[in-house]
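Q: Modelling step: build the complete structure from the supplied sequences, incorporating the hints.
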Amino acid sequence: LAKTTQPISMDSYEGQEVNITCSHNNIATNDYITWYQQFPSQGPRFIIQGYKTKVTNEVASLFIPADRKSSTLSLPRVSLSDTAVYYCLVGFTGRRALTFGSGTRLQVQP
Amino acid sequence: EAGVVQSPRYKIIEKKQPVAFWCNPISGHNTLYWYRQNLGQGPELLIRYENEEAVDDSQLPKDRFSAERLKGVDSTLKIQPAELGDSAVYLCASSPGGAISYNEQFFGPGTRLTVL
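Chain order of the listed sequences is R and D.
Position 83 of the first sequence, counted from 1, bears residue number 149 in the working numbering, the numbering being contiguous throughout.
Position 116 of the second sequence, counted from 1, bears residue number 323 in the working numbering, the numbering being contiguous throughout.
One or more of the hints may lead you astray.
What the hints assert, rightly or not - With a Cα cut of at most 20 Å, we get these calculated DMTMM-like pairs of lysine to aspartate or glutamate: (1) Lys120(R) x Glu221(D); (2) Lys135(R) x Asp97(R); (3) Lys118(R) x Glu311(D); (4) Lys69(R) x Glu311(D); (5) Lys285(D) x Glu311(D); (6) Lys120(R) x Asp133(R); (7) Lys118(R) x Asp97(R); (8) Lys69(R) x Glu251(D); (9) Lys285(D) x Glu221(D); (10) Lys120(R) x Asp97(R); (11) Lys285(D) x Glu275(D); (12) Lys118(R) x Asp133(R).
None of these hints come from the bench; they were simulated from the model.
A: Below is the structure:
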């Protein structure tokens, strides 16, 4: 399974755009990149998933360069409610499981 | 649509006692996962079911942990006997099945276990 590296923590202010980058140098051809969000006392929640280039949904955008060795989760105009831990996962489960790292703890301040 | 249901939400037991966690996945989801999450860390997979078959239990400490998924719907995770190091949040998740959809898992709120 591809190992991922992401910052331990980030700070931001309300209304700013936040970009969280994840490195996954040994990503395999079939691997997808998936991001989850977790609030305290809750289970993780799926945010977005992509294979290459750019994916956008109502919550976030995911940018994946051509070599796919990294990816960036972009959260536009964050609010206090975006304070959470964000996990980057890489894999194509098939009959294997995805692996969660320690995630990035985002703190949004007023 | 109802989400993944877990019970109990909290459990406090003394070491060496048994404990069981119950999970009801989203209706129609064939794949069910049990994770353990220690404080400050990401979830760690314990076991994954495809319908009633355990297809990945390599991380399950089989000397004290057991799980079952009867009829491919509800699942129970048991620890017997519990140790102090088992204190954690136990998360259940489900997904519809199919290769790409494996990546989108729907998590329950978890059961917070405290072993004294």
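Q: Does the structure break any of the earlier hints, and which numbers would those be?
A: 1 and 5
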